[in-house]
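Q: Each number in the numbering used here comes from the position in the sequence shown (counting from 1) with 100 added on.
Calculated from the structure, these hints are not laboratory results.
Being a predicted model, the structure only gives us computed values, none of them experimental.
Keep in mind that a hint or two might mislead.
[Said to hold, decoys possible] Computed Cβ-Cβ distance ranges for the label pairs, DEER-style:
#1 R339 to Y158: 55 to 63 Å
#2 S279 to W370: 30 to 38 Å
#3 E144 to R388: 53 to 61 Å
#4 Q199 to A324: 56 to 64 Å
#5 H133 to A351: 18 to 26 Å
#6 V385 to K162: 27 to 35 Å
#7 R267 to Q199: 35 to 43 Å
#8 E173 to R284: 38 to 46 Å
#9 V285 to T169: 32 to 40 Å
#10 K162 to R339: 46 to 54 Å
#11 W370 to D338: 27 to 35 Å
[As the list claims (entries may be wrong)] Below, simulated DSBU-like cross-link-like pairs (lysine-lysine); rule was C-alpha separation at most 35 Å, straight line:
#12 K186 to K291
#13 K216 to K355
#14 K153 to K373
#15 K323 to K162
#16 K153 to K355
#17 K323 to K373
#18 K162 to K136
#19 K373 to K225
#20 K291 to K355
#21 K291 to K216
#22 K373 to K291
#23 K216 to K153
#24 K291 to K162
#25 K323 to K186
#26 K153 to K136
For glycine and all other residues, C-beta sits at the position ideal for the given N, C-alpha and C.
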Amino acid sequence: MVNPDAIFDVQVKRIHEYKRQHLSMLYVIGLYHRLKTDPTLQIEPRVFIYGGKAAPGYHLAKLMIRLITAVGEIINRDPGVRDLIKVVFLPNFNVTNGQRIYPAADLSEQISTAGKEASGTGNMKFQMNGALTIGTLDGANIEIREEVGAENFFLFGMSAEQVQWLRSSGYRPMDLYNSQPELRVVIDLIKDGFFSRGNSELFRDLVGNLLHHDPYMVLADYKAYAECQQQVDAAFRDRERWTRMSILNTARSGKFSSDRAVREYCVEIWRSKSVPVPAITQDEVHARLSL
101 MVNPDAIFDV QVKRIHEYKR QHLSMLYVIG LYHRLKTDPT LQIEPRVFIY
151 GGKAAPGYHL AKLMIRLITA VGEIINRDPG VRDLIKVVFL PNFNVTNGQR
201 IYPAADLSEQ ISTAGKEASG TGNMKFQMNG ALTIGTLDGA NIEIREEVGA
251 ENFFLFGMSA EQVQWLRSSG YRPMDLYNSQ PELRVVIDLI KDGFFSRGNS
301 ELFRDLVGNL LHHDPYMVLA DYKAYAECQQ QVDAAFRDRE RWTRMSILNT
351 ARSGKFSSDR AVREYCVEIW RSKSVPVPAI TQDEVHARLS L
């Protein structure tokens, strides 16, 4: 059971390192740790909902799914936090399931590494259904933010140019692990087997990739992401403000309708003209249906 009044924080899409489901999981673990060490901490109840599929041979993506379910098994059974946070992984995510998930979401997670997402359509579906977006300046997020206004979008993280600069200047993720206490605690909980029944080998490849390579800058964006999530929490406390932001997201989503996209394809790419459809009377409709 989940609290219907909680923030439904949703990330459903293909499981891939550049889409950074593991960045979200690091935040969940950090939040869990803060709640356990500080019982007085006040947060808005939140349900973290994930869904998606990994390619058959994509080892790290499969480990990301395993991490989500493993963290959920611990958190959802902990009576100290079960009324505040829950983690849900929806199996077999597809279009049919998406029709139920998009309208239910309060927060849409679009947190890919800047410069990696070609476009993205899931973020548009969430926006049209009134979900607010937390995301980077990547793919269609850029256009969504332009349409809804910066004040109605939770922006965090490096730009594509900053990502490129950091990579070329010699990015060392281990430096972040050593300099950010919360991040170090989060990584250590995974590494030491806290979420895998003491099995310190289960997530070794995932942790090793983050600490020694981190090709998608997960650790580099962690602090900014965690701070942005605090802005989400504060905004949700003001229900009138949140409702207004949600309404504006839907109202300003017209640019992303399929009608507009098809029209632009016709004009700019196919160079085709529209074909007028003559109006018919109701009697003619009935007559054709009876044939």
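Q: Now tell me, hint by hint, if it's right for this structure.
A: Each hint tested on the structure:
R339 and Y158 have their C-beta atoms about 40 Å apart, which leaves the hinted 55 to 63 Å range violated. At roughly 54 Å, the beta carbons of S279 and W370 sit outside the given window of 30 to 38 Å. For E144 and R388, the hinted distance range of 53 to 61 Å is satisfied, since their beta carbons lie about 54 Å from each other. A C-beta distance of roughly 32 Å is found between Q199 and A324, which places it outside the suggested range of 56 to 64 Å.
In this structure, H133 and A351 break the distance hint of 18 to 26 Å, their C-beta atoms being roughly 39 Å apart. Distance hint for V385 and K162: a CB-CB separation of about 52 Å, inconsistent with the stated range 27 to 35 Å. At roughly 38 Å, the beta-carbon separation of R267 and Q199 lies within the given 35 to 43 Å, and the hint holds. At roughly 23 Å, the beta-carbon separation of E173 and R284 lies outside the given 38 to 46 Å, and the hint is violated.
In this structure the hint that V285 and T169 lie 32 to 40 Å apart at CB is violated, the actual value being about 21 Å. A hinted range of 46 to 54 Å is violated for the C-beta pair K162 and R339, which are about 39 Å apart. A C-beta distance of roughly 47 Å is found between W370 and D338, which places it outside the suggested range of 27 to 35 Å. About 22 Å separates the Cα atoms of K186 and K291, which keeps this hinted pair within 35 Å; it holds.
With a C-alpha separation of about 22 Å, the suggested pairing of K216 with K355 holds against the 35 Å cut-off. Taken as a hint, the K153 and K373 pair is broken in the structure, with Cα atoms around 40 Å apart against an allowance of 35 Å. With a CA separation close to 25 Å, the supplied pair K323 and K162 stays within the 35 Å bound. Pair hint K153 plus K355 holds up; C-alpha atoms about 29 Å apart against a cutoff of 35 Å.
For the hint linking K323 to K373, the alpha-carbon distance of about 51 Å lies beyond 35 Å, and the restraint is violated. Taken as a hint, the K162 and K136 pair is honoured in the structure, with Cα atoms around 28 Å apart against an allowance of 35 Å. At roughly 28 Å between alpha-carbon atoms, K373 and K225 fall within 35 Å of each other, so this suggested pair holds. Only pairs whose Cα atoms come within 35 Å are accepted, and K291 paired with K355 is rejected, the gap being roughly 44 Å.
With a CA separation close to 27 Å, the supplied pair K291 and K216 stays within the 35 Å bound. Distance restraint check for K373 and K291: the Cα-Cα separation of roughly 60 Å exceeds the 35 Å cut-off, and the hinted pair is therefore not satisfied. For the given pair, K216 sits about 19 Å from K153 by alpha-carbon distance, which is consistent with the 35 Å threshold. The suggested pairing of K291 with K162 holds, with an alpha-carbon distance near 17 Å, which does not exceed 35 Å.
For the given pair, K323 sits about 22 Å from K186 by alpha-carbon distance, which is consistent with the 35 Å threshold. Restraint check for K153 and K136: satisfied, since their Cα atoms lie roughly 31 Å apart, inside the 35 Å limit.
Violated hints, in rising order: 1, 2, 4, 5, 6, 8, 9, 10, 11, 14, 17, 20, 22; the structure is consistent with all others.
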